[in-house]
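> These are the residues of each chain, in order.
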Amino acid sequence: MSRQAQNEYRPGVCGGFVAVGVALLSVVLWTGRPVRAAVQPETSTSADYASPIEVLLSPDGARLYVLCQQSDGVRVLNAVSFAVIKNIAVGRVPRGLSLSPKGDKLFVTNAWDDTISVIDTEALEVIHTWPVGAEPSSVLENLSEKHLFVANRISNDIAVLDAQTGVEEKRLVAGRGASYLALSPDGSRIYVTHVYPKIVPRRTGLENRLPPESEITVIDAERAVVVDRVPLPAIAGVFHVALSADGHLGVAAEYHPRNLLPLAHVEHGGAFTYSLELFGADVGKTPVEVPLDELNRYASQPFGVAIMPDKSRIYVTCGGSEIVTVIDVPRLLRFIHTHNGPFAQDLSASANYVVTRIPVGLNPRGLAFSRDGRRLFVANRLNDTVSVIDTRINRVASTITLTGSTTSPSPLPREDDLTIASSVVDGKSTCSKCHGDGRTQSQYAPTPEDLQNLVDEHKERMVPSLASSGSKTISPLRRGEEIFYTSRFSFQGQIGCASCHIDSTFDGVQWNLEPDGFGRNTVDNKLLEGIVDTEPYKWTGTNPNIPTECGPRTEKYFWRSENYDERMLTDLAVYVRSLAPRPNRWRQANGELTSAQERGKVLFERAVDKFKKPIPESNRCSSCHSGPKGTNQNIFDVGTRKPNDNTGLLKAPMLTNIALTAPYLHDGSARSLEEIWTIYNQDDKHGRTNDLTKDELNDLIEYLRTR
Amino acid sequence: MKGLARVMAIAAPFALMLVCGFAPEPVRSPAEDIIVTAAPVYEPLAALRGEERFSKGAQLLAIHEGKAEPLVTGFAATADANISFDATTVLFTGKQRSGDPWQIWELTLANHSVRKVVDTATDAVRPLYLPGGRIAWAERSPWGFRLESAEDGHSPPTAPLNPTASGKLPLTYAHASAFPSEVLADGRILFEAGFPLGTGATPELYVVYADGSGVESVRCDHDKARWGGTQLANGDVVFTHGGSLARFTSPLAHESPIVAPRAEYDGTISETASGTWLVSTRASAGAHYALKLWKPGTAALRTLLAQTSEDIVEPVLVATRTTPKRHPSGLHDWSYANLLALDSRLSREGDLRVEPASVRLETQDAEGRAVVTGTAPVESDGSFFVQTPADKPIRFALLDKKGAVLRQEHGWFWIRRGEQRYCTGCHTGPERTSENRLPAVLLRTTIPADLTGDKNPREVQHRTSGGN
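For the record, the sequence lines run as chains A and B.
The numbering of the first sequence is the working numbering, which starts it at 1 and goes up by one.
The numbering of the second sequence is the working numbering, which starts it at 708 and goes up by one.
The following block holds chain A by itself, in its conformation from the complex:
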């Protein structure tokens, strides 16, 4: 069908569409629902690593299913011998894994394909691949096997599918970044958590800045309707959620940022409290937040949560701290019922309920118990291992090693690679191939060409992993990813890059960085994907390249502790540069623009306004936001300076996947793309837009969403 035919007015069909539209509107109240991901090959990393992110045991305990995010597959292992039974290929960047109530089907969400894979657990074959919403992150089937619920991170909703046919029945509005689901043991409720906070109320400066807030969305699993939204004040990102076997205790892992305070130091929980949200009958009417951190040691980036079948203990993976935190449930409940909260400000609270912290592999994520609760399997995403914890002694009893791609074994290191690597380990390195001029880290400022050369030069090299064994070698790209996710470089291990760049993206939170002045220069955290070749960095454009951004300044003003060495900094830069944009959901699969997007493109590129007056080149959208990434990389004052800003001169930000990253402007003051122009562009300094009608502005936004 041609675009022209699509645009023809057809009253009969239109009336039907209106009726369906009204019906849908009652369920979904979101104007910016994206279209499906275009199928385009975009890979950011090699498939040499498995990157296990979730684990599950079959109901009979015989099989261990391991979801391997980087090798795009489910590894099926014998749960006793850990021998591989089969590798099942699924879609791109799989993220969520669940079993049907009977255990006969395994569901996988393919985050970059916007599909779910349905696997027959007897045949171990994918039997269906069904389309869902944007960036599906987890999936559950209800007990009656009538509905499948899929949490879509980008479209901020829950898709309800017919569990037999895969046909989408409706969408339920969730919070922002809907990502993880848990079914109550009686099958009546589904609990949904969100990795990004809600968009905060409109503000113009400091005066009404509020802490982030998230929610747990509660769904009636049979009727497939939202029945409650439990507010989580002060919480930005929430990850796994679990229910006890009796259904009386719910637990979710979460980040509690301190973004409204200057990031002047990280001691005393200066950047985050990492905590658990407790809810359910055991807790009372109001959820209770309990910290996992201690005075001098943090439980950075909590992700996976599992409650022992007998409800005696809770296990929490902490991705940045590379530990599993073990909590005594009776002590925890006694504590919250005998002490006055709130507890989030008390770093000594965890002494009342944390039993131990078990060191595991790098970036531990999903975890699952054996049926008897004696073994706990932990997916160590950046180790390519699964730790098997003996819960009777709370120690790692064995470690299952997963290889990456079955067709692409890791290359063996060459002798000179190992020489270079070992010279780095002693902390006195100057990698002769990159740093032959003897520059120190603070002097190291490679050009984009330098870095691309490094990527090319080092992609076949092998370097020591951060893993404690020390004997394992990996690619520099992989080590860059390890560095990105670990919190070991920050003071007392409180934060890592991934604390704010969740899953290498952003966190939807605005921060006040200390060197700019207390209460000054509030900045919105930006998306990292696709930032390569968009230097300078930082909103004010004062950091010339990624190593500068991630190197000495990060050491001084974020970690407040000794940084990685030069070689690791290069690896980190290589990793950050490798972060390719995820598929743009607003582009059509055929690459063509919709008519609204076409109209918006014309407005974006126009040189004359509606009154036939020429628009100065410096005030055209397409001038500052030129090029493939939508930035000419120059500094402008577009009239968005707030009273607490030190400057109005800001670098034109890239437009890549801009639809995802609300709120907008340097300080996050615009809640939507529309507000950039309807509220913050009264003088037409941020492009000539005040001559546009609302429909025209909508067209412009439709086009921007395709960038």
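Read the hints as simulated data drawn from the structure, not as lab findings.
Predicted, not measured: the structure shown is a model, and the values here were computed from it.
Just so it is clear, CB atoms sit at the ideal spot from N, CA and C, and this is done for glycine as well.
Check the hints yourself; a few may be wrong.
25 Å max Cα-Cα, derived DMTMM-like pairs, lysine to aspartate or glutamate [unchecked claim]:
hint	chain 1	residue 1	chain 2	residue 2
1	A	Lys642	B	Asp1157
2	A	Lys198	B	Glu1142
3	A	Lys642	B	Asp943
4	A	Lys642	B	Asp1088
5	B	Lys823	B	Glu776
Listed next, with one range per pair, are the computed distances between beta-carbon atoms [to be verified]:
hint	chain 1	residue 1	chain 2	residue 2	range
6	B	Val1061	A	Ser312	44 to 52 Å
7	B	Pro1084	A	Arg223	51 to 59 Å
8	B	Gly1110	A	Val173	54 to 62 Å
9	A	Arg392	B	Ser762	36 to 44 Å
10	B	His961	A	Thr356	16 to 24 Å
11	B	Thr1152	A	Asn634	17 to 25 Å
12	B	Ser951	A	Arg395	27 to 35 Å
13	B	Asn941	A	Arg229	23 to 31 Å
14	B	Ser963	A	Ser144	46 to 54 Å
15	B	Asp807	A	Ser471	47 to 55 Å
16	A	Gly341	B	Asn941	25 to 33 Å
Dock chain B against chain A, hints included.
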């Protein structure tokens, strides 16, 4: 026969334990050499009064395979050994002639060469290796001892401390004697001083970053007479509480006791790779300290070295150890400091119920007299934001509307030049984090009230070149 049966009955379980491998593991001597200080007279807390710890001299001994010999020759007195992280060199304090002041020296273990590291006109004692090619020590000052630091002289500094690019950098700025104990794994320097700082005499443990910023007490359950801290591999800090041992552990906001054999313990311990501790103990105040080996959890101390006429103290193992994290100083190039109090009403001693109207800042002049530098308003949420004098003792007092003192800090602290910090409250303790809330003072102004006491107000600088 009956007696034999009784003996058998007692001995059998022990024999069975031995056969089954349940015998208590014997406490073994460490394989590594040990260095100790031997002194006829040792008064561990004398330095906090600015007095001599080793009034009748001291000598470093190296214990090799159970035999103790002088570590260095050619010195009238030596003490305070500290092993480099790679275990190749030893810092110590020494006097070449008995009338000399104590100075800091370094011994290279491979060839026993000795070089002077710190040359001062007054006593320089208790040297510690810092990461990043620096060292710290205590130097005699009008107020007792002051912590100083400098490059170690081995190689060009990898990370000069901002704003002092080279040379000596004082780390303590109170009118109080401060004495270093340990460099913690997180890079902070543990030191002992009287509590309240600058006014009290009860030994207490404090921490400070390697650029002198961020000073605070380790825990706020004060008045315990704590001194001589050592960090264990697990992160706990073991110290002497009175004469017994106690520890700080990460989860707890207060010290926890260590159940150890009855004795009087000296502050510094040393942990071996197998987890046993080298400790200096004595039976009572009149006796001498001896070097003992103790396995935590066991009931017995095993003597490694005892001298009838000398104290054997400050044991250190000659072994490699993990290098602590280097502190990358983020101090700005300012002559002053900024301090934001988020809610000055909050305190461990009980939150203030009366709303403070203003805050008064005091510093001390050269003679130690309190001098008021100014007052600033306190917002209704208890917040205030002030610019303070840097590198001087300061303390705050909260005042009511009539100017009467509602609450005043007991002791003094300091804030480094170019330092910007915020406090959760007034003495809230390290366990209390801040509520994620914009303080009212920053809604009113982001320019701190000038309490530097300078007559000419300076322009407030907000930016550091290069961004962050």
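> Confirm or reject each hint.
Structure-based check of each hint:
1. Between the alpha carbons of Lys642(A) and Asp1157(B) the distance comes to roughly 24 Å, so the proposed pair stays at or under 25 Å and holds.
2. Under the criterion of a C-alpha separation no larger than 25 Å, the hint pairing Lys198(A) with Glu1142(B) is consistent with the structure, at around 19 Å.
3. With a C-alpha separation of about 46 Å, the suggested pair Lys642(A) and Asp943(B) falls outside the 25 Å cut-off, and the hint is violated.
4. Of the pairs offered as hints, the one joining Lys642(A) and Asp1088(B) holds, with about 24 Å between alpha carbons and a cut-off of 25 Å not exceeded.
5. Of the pairs offered as hints, the one joining Lys823(B) and Glu776(B) holds, with about 22 Å between alpha carbons and a cut-off of 25 Å not exceeded.
6. Look at Val1061(B) against Ser312(A): about 47 Å separates their beta carbons, and that is inside 44 to 52 Å.
7. Restraint check, Pro1084(B) to Arg223(A): a C-beta distance of roughly 57 Å satisfies the suggested window 51 to 59 Å.
8. A beta carbon spacing of about 56 Å between Gly1110(B) and Val173(A) agrees with the range 54 to 62 Å that was offered as a hint.
9. Between Arg392(A) and Ser762(B) the Cβ separation comes to about 57 Å, which falls outside the hinted range of 36 to 44 Å.
10. In this structure, His961(B) and Thr356(A) meet the distance hint of 16 to 24 Å, their C-beta atoms being roughly 20 Å apart.
11. The hinted window of 17 to 25 Å between Thr1152(B) and Asn634(A) is violated, with their beta carbons roughly 33 Å apart.
12. Between Ser951(B) and Arg395(A) the Cβ separation comes to about 32 Å, which falls inside the hinted range of 27 to 35 Å.
13. Between Asn941(B) and Arg229(A) the beta carbons are some 43 Å apart, a value that contradicts the proposed interval 23 to 31 Å.
14. Between Ser963(B) and Ser144(A) the Cβ separation comes to about 53 Å, which falls inside the hinted range of 46 to 54 Å.
15. A hinted range of 47 to 55 Å for the beta carbons of Asp807(B) and Ser471(A) is consistent with their spacing of about 51 Å.
16. Under the hint 25 to 33 Å, the C-beta atoms of Gly341(A) and Asn941(B), about 30 Å apart, fit the expected range.
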